[in-house]
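Participant: Listed below, chain by chain, are the residues.
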Amino acid sequence: MAALLAASVPAALRAQVSISAQVDRSQVALNGQITLTVDVSGPTSSLPAPQIPSLPNFSVYSSGRNQSISIVNGRISSSIDYTYVLEPRFVGKGVIPPITLSYNGRTVKTSPIDIDVLRSAPAASAPPQTAPPPSTAQTQEVPGAPDFFVTAQLDKKKVYVDEQATLTVKFYNSAALAGNPQYTPPDLSGFMEEDLPPIRRETAQFRGRMYDVSVIKTAIFPEHEGRLVIGPASVQCPVAGQGMDPFSPNFFNQVFNMNFGAARTKTVSTNALKLTALPLPAAGQPRNFSGAVGHFSISDSLDKNRTQVGGALNLTVSVQGQGNLRAMGDLQMPALPDFRTYETVSSLNLDKKNDVVEGSKVYKTVLIPRVSGDLSIPPIAFAYFDPTRGAYETLRTKSLSVSVKPGPANQAVGFASSGAAAAPGLTEISQDIRYLDTNPGNSPFLSLLRRLGRGGPQNAIPFIFLAACLLWRGAERRRLADPRRLRARQAYKAALALIAQASREAGRDPKKSADLMSEALCGYLADKISEPPAGLTWRRAQELLRLRYPNLSADALARIKNAWEELDLRRFAPAARSGPERAAAPDLAELLKTVERELDA
Amino acid sequence: MKPAEKIFGIFGAALALAAGLPLCAMAFTPPPAFAQAQKKYDAGDYAGAAAAFSQLSAQEPENSADLYNLGDSLFKEGRLGPAIAAYQKAFDLDPRDSNIRYNLNFALKKAGETLVPPGVPPVLFDVFYWFSLPELSGLQWTLCWLALILCGFWILLPGARDKLKPLAACSLALWIFWGGWFLVRKSLEPERLGVIISPSAEIRSGPGDGFNVIFTAPEGRRVEILAPQGDWLEIGVLKEGVQGWIKSDAVEGV
Chain P
0 MAALLAASVP AALRAQVSIS AQVDRSQVAL NGQITLTVDV SGPTSSLPAP
50 QIPSLPNFSV YSSGRNQSIS IVNGRISSSI DYTYVLEPRF VGKGVIPPIT
100 LSYNGRTVKT SPIDIDVLRS APAASAPPQT APPPSTAQTQ EVPGAPDFFV
150 TAQLDKKKVY VDEQATLTVK FYNSAALAGN PQYTPPDLSG FMEEDLPPIR
200 RETAQFRGRM YDVSVIKTAI FPEHEGRLVI GPASVQCPVA GQGMDPFSPN
250 FFNQVFNMNF GAARTKTVST NALKLTALPL PAAGQPRNFS GAVGHFSISD
300 SLDKNRTQVG GALNLTVSVQ GQGNLRAMGD LQMPALPDFR TYETVSSLNL
350 DKKNDVVEGS KVYKTVLIPR VSGDLSIPPI AFAYFDPTRG AYETLRTKSL
400 SVSVKPGPAN QAVGFASSGA AAAPGLTEIS QDIRYLDTNP GNSPFLSLLR
450 RLGRGGPQNA IPFIFLAACL LWRGAERRRL ADPRRLRARQ AYKAALALIA
500 QASREAGRDP KKSADLMSEA LCGYLADKIS EPPAGLTWRR AQELLRLRYP
550 NLSADALARI KNAWEELDLR RFAPAARSGP ERAAAPDLAE LLKTVERELD
600 A
Chain A
0 MKPAEKIFGI FGAALALAAG LPLCAMAFTP PPAFAQAQKK YDAGDYAGAA
50 AAFSQLSAQE PENSADLYNL GDSLFKEGRL GPAIAAYQKA FDLDPRDSNI
100 RYNLNFALKK AGETLVPPGV PPVLFDVFYW FSLPELSGLQ WTLCWLALIL
150 CGFWILLPGA RDKLKPLAAC SLALWIFWGG WFLVRKSLEP ERLGVIISPS
200 AEIRSGPGDG FNVIFTAPEG RRVEILAPQG DWLEIGVLKE GVQGWIKSDA
250 VEGV
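Listed in order, the protein sequences are those of chains P and A.
Residue numbers for the first sequence follow numbering that gives the first Met the number 0, beginning at 0 and rising by one.
Residue numbers for the second sequence follow numbering that gives the first Met the number 0, beginning at 0 and rising by one.
No wet-lab data here; the hints were simulated from the structure.
There may be inaccurate statements among the hints.
Unchecked claim - Simulated restraints on C-beta separations:
1) P:M191 x A:E188: 27 to 35 Å
2) A:V126 x P:I460: 55 to 63 Å
3) P:S67 x A:D125: 37 to 45 Å
4) A:V126 x P:Q489: 56 to 64 Å
5) A:L187 x P:M191: 55 to 63 Å
6) P:P336 x A:E61: 35 to 43 Å
Said to hold, decoys possible - Distance condition first, Cα-Cα at most 30 Å in a straight line; then the derived DSSO-like pairs of lysine-lysine:
7) P:K404 x A:K75
8) A:K238 x P:K397
9) P:K404 x P:K108
For glycine and all other residues, C-beta sits at the position ideal for the given N, C-alpha and C.
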């Protein structure tokens, strides 16, 4: 039953973060330092920071962090080591209370750590500085060479936004204090700050007097442009009321020889400092610039160069260098259509050697090849601003290649399985345009259709055709409606046809020629007067001609009569009338032409 | 042979010829210039391929395949605007070609548009744009010819009217249908279509640099060219329905 319950607990709840803390020593002299390392680990890349409790017996300075991330079988595990430098304030038993960490609504904590703070060890002799530079010093009470004073100094007056400037606060003391001094850091609004431990001890000479000097350095990074103000730093010093040797070189030890009841507090402060933060130039800013300012290098690697479709590859891209790595954004990964890509996780490692914030930001992602073959990962670009040169730089990783073999058949279907057996299907790898049309021929029919569609005068043809049909049809109707008139109009044309035929026959058969001409004349007259040609006599023809065509001249009638008689004579008595028949045809034609003209008039 | 039979014979021969012409096209052999352009494309010389396909297209402006291939080359070269212009020209000639539709839609998506307007059923769009405008015009003119000639013969040949009547009526109905389709398409489509070929074109409130920039349009966005004035064009952006002025060299006419 218990096993069943345990199995039903979600993995996210079971996979909790853990925290542990350790110190490099459990006994320390009052003027010594302890290194506290807090290790936080858990199944996520975004582990929360530990909550350091109030430590009234120690001054606490952050010394750096070191993060490592591993991805195994798609599971992320991360570990961060936070390093702190602790400086004891009082002699005696000190305790570092439990350090807590809250994650997913649950809190884990470390065990308390006991520290024994002993009286100060003898100070190591250090060569005195001959020229202390209290340019911003504010001396207290004693003119000339005060018992103690504090200075603040910047290494640069102008920096770019997110460029490091180093603030150095020095506490000079030559008096025997009644206790450890309390340092109050300056107001650093508008800056991102990083402690630069440890506190260094040195000696210096000022106006002929030897001082113990405590040096506290802080890296500051302007968050925005403009003239920014760094507030005054102050040190509260418990001063013995009497009997203290002002010339003792070790003010930390002297306090424990004094009467605490008689002590009073004196405060020394620095002046406020001003720093000009220059904006990053807009001109020439690369598209993939993500806010990195400093000096960097970039590298990339794959955990293996051979795998199969569906196998996992770990791509690691590391950006190393000096600068405010916390302000750096995510890398822009190139499109990798041949791979299924997972979320990129990043880890931050900070180091503060030589008072310069440096370190690395490591980006890790899992790639699953979707296709087989020799695949490549193109160079990854990283842009940063170089404050030394005042210009942007773009770095590129080298191109990586991996040989991918075909995987099992079900690997190409999908990598996320819901448990149920899925039917095999297509997996879209990427989208692209379709290939060229390799048959660029154009259909002549479609070309003709398109040409026809362009319009043009040729498209008037069907309309003209239809109009002509309609006109013809109208004319035909009108023609058919009056057959007499039609016959009369066609008479001349029919007669001329017969005359032409008679002319051709004249040489071979004069009688037939005469018959044809007679038929032409008789038919012409019959058509004009709407009488049947058979049986038509000249008398009847003359009568009707006069009736229907009163304009016809007597001369014309006479000529017609002569022609009629002449043709009858040729037809029925050819021997009696021999002559040139060929000449008769044009005469008859001429006669009919004259008659036609008079009839039309 | 009776006149009516003669007429039917002539139409039958014409139809057989029309049906046979596409078969002639199927036997078409690509010219050597095409092979050279294809070789450049395959070798990744997209600029060279684009130049070669552009030449081919200039020689045969109504060949949709050359325009499609030109679009492919320009797209691969990274010139989205000119690629969309070429695809659009190919689509205007041969809207049934599935490859042209796919690539035009693919490219338009990169310019923030789609071939099928939002809210329009794709099937309806496919049917409505099954024929190109010149083809619709050609069909309606063909049917116009057919209907009017049949009507003419119907008038001329009273003896064949019984046979001609259903043919003439059918062709008249088809003419009205295709003619109506053509007119609707013509009224819906922009008079002059253009494509923005500048990477990020600024559209101003008037024809000059002194006028305010009222909006910008991405490369590849299709616009209607409304009126030219000097070096400037008044345009209307089809998708958003806004108007403005743009420099004429930032737009390629389709």
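Participant: Does the structure break any of the earlier hints, and which numbers would those be?
Facilitator: 1, 2, 3, 8 and 9
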